[in-house]
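J.: Okay, here's what each chain looks like letter by letter:
There are 4 protein chains.
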Amino acid sequence: MSKGRLEAFTDGVMAILITILVLELRVPEGNTLGALRPLVPVFLTYVLSFVYLAIYWNNHHHMFQLVDRIDGSVLWANLHLLFWLSLFPFATGWMGENHFGALPTSLYGVPLLMAAIAWTILERRLIALQGPGSGLAEALEDGFKEWISLAAYLLAIPLAFVDPRISHGLYVIVALLWLVPDRRVETHLAERRV
Amino acid sequence: MSKGRLEAFTDGVMAILITILVLELRVPEGNTLGALRPLVPVFLTYVLSFVYLAIYWNNHHHMFQLVDRIDGSVLWANLHLLFWLSLFPFATGWMGENHFGALPTSLYGVPLLMAAIAWTILERRLIALQGPGSGLAEALEDGFKEWISLAAYLLAIPLAFVDPRISHGLYVIVALLWLVPDRRVETHLAERRV
Amino acid sequence: MSKGRLEAFTDGVMAILITILVLELRVPEGNTLGALRPLVPVFLTYVLSFVYLAIYWNNHHHMFQLVDRIDGSVLWANLHLLFWLSLFPFATGWMGENHFGALPTSLYGVPLLMAAIAWTILERRLIALQGPGSGLAEALEDGFKEWISLAAYLLAIPLAFVDPRISHGLYVIVALLWLVPDRRVETHLAERRV
Amino acid sequence: MSKGRLEAFTDGVMAILITILVLELRVPEGNTLGALRPLVPVFLTYVLSFVYLAIYWNNHHHMFQLVDRIDGSVLWANLHLLFWLSLFPFATGWMGENHFGALPTSLYGVPLLMAAIAWTILERRLIALQGPGSGLAEALEDGFKEWISLAAYLLAIPLAFVDPRISHGLYVIVALLWLVPDRRVETHLAERRV
Chain D
17 MSKGRLEAFT DGVMAILITI LVLELRVPEG NTLGALRPLV PVFLTYVLSF
67 VYLAIYWNNH HHMFQLVDRI DGSVLWANLH LLFWLSLFPF ATGWMGENHF
117 GALPTSLYGV PLLMAAIAWT ILERRLIALQ GPGSGLAEAL EDGFKEWISL
167 AAYLLAIPLA FVDPRISHGL YVIVALLWLV PDRRVETHLA ERRV
Chain P
17 MSKGRLEAFT DGVMAILITI LVLELRVPEG NTLGALRPLV PVFLTYVLSF
67 VYLAIYWNNH HHMFQLVDRI DGSVLWANLH LLFWLSLFPF ATGWMGENHF
117 GALPTSLYGV PLLMAAIAWT ILERRLIALQ GPGSGLAEAL EDGFKEWISL
167 AAYLLAIPLA FVDPRISHGL YVIVALLWLV PDRRVETHLA ERRV
Chain Y
17 MSKGRLEAFT DGVMAILITI LVLELRVPEG NTLGALRPLV PVFLTYVLSF
67 VYLAIYWNNH HHMFQLVDRI DGSVLWANLH LLFWLSLFPF ATGWMGENHF
117 GALPTSLYGV PLLMAAIAWT ILERRLIALQ GPGSGLAEAL EDGFKEWISL
167 AAYLLAIPLA FVDPRISHGL YVIVALLWLV PDRRVETHLA ERRV
Chain F
17 MSKGRLEAFT DGVMAILITI LVLELRVPEG NTLGALRPLV PVFLTYVLSF
67 VYLAIYWNNH HHMFQLVDRI DGSVLWANLH LLFWLSLFPF ATGWMGENHF
117 GALPTSLYGV PLLMAAIAWT ILERRLIALQ GPGSGLAEAL EDGFKEWISL
167 AAYLLAIPLA FVDPRISHGL YVIVALLWLV PDRRVETHLA ERRV
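Residue numbers (my numbering), protein chains in the order written: chain D, 17 to 210; chain P, 17 to 210; chain Y, 17 to 210; chain F, 17 to 210.
Same shape as in the complex, but just chain D (with noise of 0.2 Å):
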């Protein structure tokens, strides 16, 4: 089974949230600044999304390029990574429109919760299947970031409540930690060719 269609289905779905998240930009009325500015917050949690999907695409890009085999398993696993990616466009419609207010600040964080562990699957059933002397176990055995992401969403959901701007700062602080460049997959593409 190839993995092209899989990566076509995939790029699709994941241009299309990405663009559909600016459909919660709406355009306001009249032609002020002011009538801009309770847009300042949607716009906010709109760049912070579309970096979330840039970092998921990026790294499914890379994580694939170490990929020789899939099976019916690794379709599901996908498709269930992009159901929870499906919900960012509401997650961050509901944040940005109510100011950044704690219940939709804590549920902003389940969705990126639920997806990092629906990737978490993905990565685990993609090794087993490419067995455990292959590029992709070696170049992504130690899972750091991996889990430093699951422990900051699990903070952010519940202190929203204490403070939102705490799980502000762990969202962006993970996005962060995934903007710096990852090299694994790289340097092992580049071993692979000496």
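It is possible that some hints are incorrect.
[Unchecked claim] Distance condition first, Cα-Cα at most 25 Å in a straight line; then the derived DSS-like pairs of lysine-lysine: (1) K19(F) with K19(D); (2) K19(D) with K19(Y); (3) K19(F) with K19(P); (4) K19(D) with K19(P).
[Claimed, not checked] Anything over 10 Å on all C-beta distances counts as not near chain F; from chain Y, calculated: (5) Q146; (6) L171; (7) G185.
[Said to hold, decoys possible] Label pairs and their in silico Cβ distance ranges: (8) T48(P) with P54(D): 52 to 60 Å; (9) G185(Y) with P174(P): 29 to 37 Å; (10) G20(P) with F177(D): 49 to 57 Å; (11) L145(Y) with V188(P): 34 to 42 Å; (12) A144(P) with P174(D): 55 to 63 Å; (13) E157(Y) with L192(F): 29 to 37 Å.
Hints were generated in silico from the structure; no laboratory data involved.
We put the beta carbon where it would ideally sit given N, CA and C, even for glycine.
Starting from the structure of chain D, add chains P, Y and F where the hints point.
T.: For chains P, Y and F alone, coordinates are given in the frame of chain D:
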């Protein structure tokens, strides 16, 4: 005629449909749990429709692995399938927003039924093209799940007026039936390699 | 310059247009048959526009099977076609929601006419590039259906003000004309193989 | 690392953006010519933004023809470009619905300017990766149009407050400048073949 572009177009349409569904989950006003309550039936219907579209994509992917030849009639049989799938977001939205009322529950079954019929037409057309001894013909010869599904939809449409919960039960059972891994195509692909 | 990316982009835009159409089928309030009645003209217009976009995708697919070379002018001729196709959802929505009034019926013909002209330009440009003895030139030399369609749109636009039903009839006849399988390209592909 | 998936994802996002634009052309109530009148500025802005996105897709297509290698930094430079392009529908809707007021006209220039800067970053990154003697470096060395465009956007943003028509003129002139065929890449591809 190559199947690549048919697969790409189908992936595109399905990727869009599966993400358009989520637009029915409209961002509520207010930031309390109470504001989310009316969304519960919408969300449950969303999950069901997401699973149905995921099943169709998965089965499409599997079936076309065994397809070597297509022609103009396959393009139209495939577009006919996409037409009925394209009505899923509408049927989903109507059932979800009306809290599973009798008529919307009944009508939800219509695109399900028509898509199942369109699928059968596409499958028969492809088997005819590949020839009677082909892998596709052998892999799909019994069609047991297909007949169960058609029967369930035909029951669910009128029984919604007796009690919508019967129809919901049938819709969920059919979805679960297809989620159970279908090994026919994968078994065949594995045998072919031997 | 390879045609792969032009095909992929075109498939993407057409897949989105064909699914955006369905957004005009807005979920009605209320869960009675009466709530669905105003949607009947919207639904019929949806079916018509779906068929038109499906025909364009189908013909695009067929035509590009015989294309070996493209250049920058083909990219723009193709984008010009996509521009007019992108107005289908608007024209569809306006005609459907106004119950087939005279002006919306007339205006529905404008993107149809312009897309047909854009198609002709793209076709001529491609034939010129492939050369006079090419398979594309031979397969498409008569262009009978193209001329009939242009004439029908040119009649339908003014005649909507006499009686919109004349225009509806013309739009449906042209669609049916193209649904009848067009064997020119397939015949040519089959001959080439001999 | 192969460029195929980056191209496919970019095509997906651009295809969606170019079709989401048309959602701002909301179906008017009433079926008279008068009901269409308020849509005229929305339509004109739509045409302008469609052309800009088409130019970006076209240039992206051309540039990547000469690209042999990409890395993680290219993925992010490309996502950065897509971020600014994703704001086109919002900027288009705001300018169109406010009948070309001063502030929306000025702000329309911001994503144009930022996308042009993001384009330049992507271009420089790609040239650095392909090496100084590469075809890409030679084909794009002067960058005349890129500098003219940046200057025009930098002028259009403040001058909208003097008279929005100056900015509209600048936006249209830059678009026309890019519509004039740019033979640099095609010339280079032709030479390479010799």
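J.: Please go over all the hints and tell whether each is borne out by the structure.
T.: Checked hints:
| no. | hint | verdict |
| --- | --- | --- |
| 1 | K19(F) with K19(D) | holds (16 Å) |
| 2 | K19(D) with K19(Y) | holds (22 Å) |
| 3 | K19(F) with K19(P) | holds (22 Å) |
| 4 | K19(D) with K19(P) | holds (16 Å) |
| 5 | Q146 | holds (17 Å) |
| 6 | L171 | holds (21 Å) |
| 7 | G185 | holds (20 Å) |
| 8 | T48(P) with P54(D): 52 to 60 Å | violated (20 Å) |
| 9 | G185(Y) with P174(P): 29 to 37 Å | holds (36 Å) |
| 10 | G20(P) with F177(D): 49 to 57 Å | holds (51 Å) |
| 11 | L145(Y) with V188(P): 34 to 42 Å | violated (54 Å) |
| 12 | A144(P) with P174(D): 55 to 63 Å | holds (59 Å) |
| 13 | E157(Y) with L192(F): 29 to 37 Å | holds (35 Å) |
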